[in-house]
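Q: The working numbering applies: residue 1238 is where the sequence shown begins, and numbers increase by one.
The hints are simulated quantities; they were obtained by calculation from the structure and are not laboratory data.
Even for Gly, the Cβ is constructed at its ideal location relative to N, Cα and C.
It is possible that part of the hints are untrue.
[To be verified] Once the Cα atoms are required to be at most 20 Å apart in a straight line, the calculated EDC-like pairs of lysine to aspartate or glutamate come out as:
(1) Lys1528 - Asp1517
(2) Lys1842 - Asp1723
(3) Lys2219 - Glu2189
(4) Lys1346 - Asp1313
(5) Lys1703 - Glu1714
(6) Lys1703 - Asp1723
(7) Lys1674 - Glu1662
(8) Lys1744 - Glu1662
(9) Lys1808 - Asp2171
(10) Lys2219 - Glu2112
(11) Lys1703 - Asp1675
(12) Lys2192 - Asp2126
(13) Lys1378 - Asp1962
(14) Lys1911 - Asp2058
(15) Lys2099 - Glu1662
(16) Lys2219 - Glu2191
(17) Lys1842 - Glu1686
(18) Lys1453 - Glu1837
[Stated by the list, open to error] Across the chosen pairs, the derived CB separations fall in these ranges:
(19) Ala1894 - Asp2106: 49 to 59 Å
(20) Glu1985 - Phe1919: 23 to 33 Å
(21) Glu1985 - Leu1817: 49 to 59 Å
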Amino acid sequence: MKKTWHSLLFDAADHHLLEIVQDIRNRKKERKHLRQRIGPYLHPRGIKEMAASRELRMAYATVHLLDSLDAGRVEDRLTALQALMDEVMSSTESNLRKNTARVMLQLMKELIRNEGDTLRQLALAHDFRRAAAGKPRVIRKLLQHYHLLEMPEEWNQISFDEHVHDANTKGRKSPSHLIMDAWIKGIRELRVIYYNHIPPQAISELMSAAAIMDIKASIGIEYTAPFRNRMVHFIWTPAGLDTAESMIRFFSLPRVEAFMEKARAVSRHMAADVLRRLSDFNTRQKTDIEKNLAISIPHAREEDFLAMVGSGQPALLHLSAYLHTLITESIRKALAESGDPTAEILEKRLKTLEECTPQTLENQLLALNEKPGPKVEEENLPELLTRPAEALMAELAALHPSFTLTLNLKHLQVADVAELLFRAEGRISHLEIYNLKDQALGRAGAYKEINALQLALNQGNIIILKRMLLNCCKALEQSGDGASLDQAQSLEDIIFQMGRLVEPYRKRPLKTRIGTDSTGNFPWSYGMGLVLRDTLPFRARRYLDQKLGKHHHRPGIRIPVQPRTTWIPKKPPLRKLAPLLYRLRYARLLRPLTHRAVSEFVIQKDAVRLEPRGNVITLGGVLDPSRRQARNAGVFKEQPFRFHALSYLNTELSQGAKVLIGFIPAFLTFALTKDWWLLAYFGAVIWFVITGLRNILQSVLGGGGIRRSPLLKWHDHVRWGRVADSLLFTGFSVPLLDYVVKTRILDEVFGITTTTNPMALYAFMALANGIYLSTHSFFRGLPRAAVIGNFFRSLLSIPVAIFFSAICGQILSSAGYTQVDAILQKWAAVISKAASDTVAGIIEGLADRFHNLGLRAQDYRKKMRQIFDTCMNLELAFPHSQILTLLADSDNRILQNSHPQSGLSTMVAINALDLLYFFMYQPRAQVALKQRIDRMTSDERRIFYACHLVLEEEKHVSTLLINGLLGKNFGPGLSFYLAHYKGYLETLRRWIPEASVPQNKTDGPGDFP
């Protein structure tokens, strides 16, 4: 019975996807063929589609990315991340391409993490497949469900986080996982903070993953230095190192490596300090807690603690999380085993359990030593911890000529910041003016006052600066202690040398850093990411106006932002049009036709202000106090999965229900208002046939028309879900057009009929139909262009409707009917509908055609870039040979396995197989390829053809496929290759006459890369 119920709610494909995920999760040994299947050279829409489904490839890549934090699997994680990015970006063809990809990644993560909950996993699998269709309403609904803000498809939002941690310090996620989650949230800039030093493998993984996901990532290394009997924190970031290779080379320099060795000594000292605090807990805190609550807490073991830390650097946050687990588990166990405890002890236990969080424990651990961080007067400190702040800053400045140095404001006041800026002599380039974690834990200093100091310093306002420093001096003198009086004297010296404080920031203003300090460990701390509200789409801003404070928060920061549009000249579609387009580029009125507009936003990070109505919004929220207490008490459970049956109805039943719902009002309208039996009983059928044929016509026209590949049938291009949606909404247009507009309004009120004024009749009906189409298009969340287009397409149908009406009138007159106008009046709505759908079929079919051509252009652009890279590597590997000679010579075309560059032959074969698959299976691929070949130079066309000659090596290509290039399911791919490569090469020979003409002359740059 349960199986039957699930079959009504879900599809067989949902169960299949769930089986795929479970199979991957239960597999003990990784399969080499799956790793190869996610290789970087196999295109997501290429030949590997014949060996593994998109869902299988995405599931495997996600599991591989999330499961392991081992340093030895960095390369595998990066390969999986690249494959996952390629899959999601190639899986959708909607207008919300990037947002759809974000939703699909989130759903795949949830699907893998909800192991054991079959019903929830089936629902997630169904949502995943629905999201792949890219329907705007579905995507926006899922974005809201997972508290993800919709981002602009231009991907020009200002979203960032300048202080996060990965698993190499105190975070939970590997760098690849962190970057993937940042992209899902919509973050474009990320700065990952490390303590004292950075492992080389972390550099490589972080920067490579950021390049894959197109995120601007940077690395900051946090150092501490003594300042007035306490430790202050600086974050040093070398600038100008944008790739993993450049950063690794820099950190390998002898002087940098020598400094990093000193920094590693600090990390070892910090780890020893954390372990000492662990011992202090066993000897001091543990006994007091046990005595106070009458419970027994297990001994905190160093081995268990280090196992929990893993590859990270032991920190107080790790220790607080470990002790939090020990204490809460002990309280739960005591509450469960207690027979009749006194009310006082029970109340204390529950109160302690509710208040116990890793953050409060961290503050208590800090309180054990009175001051945060290592004590300055401690003996045997590492060398770096004994250097004054100005000496440390000078040494960091000597490591790299270009750098940024950020001062963390934790526990600092205005006087401290002013003195540090003076001592730094301009080396401090940024202030971390807002740290969400420090703010939440009460560690933030005088943020607003320090922000006022920063603004006055950037403006060079000596009057305000002097007043602020004098007020600080007065407050310090009133405290009366020696340290305060000494600092007051230092501030007086700064007042007399105010020029030295202001001068470094005249040309290089003091900028701002803002971060969440997120680690991904705790749901009650702020999640990663911040975004400027002004740079979000209208729908996202409206959503924030309604939901702000529930899942997204306004921390009270305003960053000035201004939009900017850059016009980039378009590339001419044909070379012959290049001179004409070049002349038209100077005409401003024609700029939208000759240029491509790129919108972006410019911010002023030296003018950040702290004010309640700021424009910075958090991309993550915090757990509310009641849920936090329930989680600590062990009674909190994730909300039970609740779903609406209609949302997860079997796809075939869902589509059938849509057609039926639309058919009922259409049938009733004709049956109750028409006296002619043909219209009464078959009018709705005719209406639906017109709509269905129009959708099929536009799909076939957009997918390839009569020139489509022989391997594709006409119904392969039809999206039956779109047909069902069209039939649903067209059914409700029948009572609107036929009964309300034509009969009640035009006929009975205005007397407009086919007899009195046929032009006005069809014009008003087209206008009403256009308003209806635009309204339901807007309701479905379609783009603005589709909403406007649906309105004007009905207006264009007016002359077509008049033409159809005239033809029908002539046919009826020729057949001997006398009351032609009366008959046409009854069929007026159907005629108007046929005219509107005829125009729509042509316009939307052409739109689908251009859309498919755009997708194929993307596919070919990426594959051409890979071909170009492979050819460049061949040129470098064989400096004394020409690329055409290498590729055209059948004796040397395939490199021996013993050759160090033998992998290049495999890459050439992969590219050729993918191009063969494009040509035979992807809609409009043949037209797109012909257009691209026409734009190539003669030399490029010869190279392009020569890269395909590897297909003639049947033994080599077949061996690659059999040996696991596509996995164990190589049969379909092998059969496809052997059956069709000859015809494909013959077509290329016809399109590229230069292929048979040996020529070494190069005729200039073209379109090949």
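Q: Can you name, in rising order, the numbers of the hints this structure does not satisfy?
A: Violated: hints 2, 7, 10, 11, 15.
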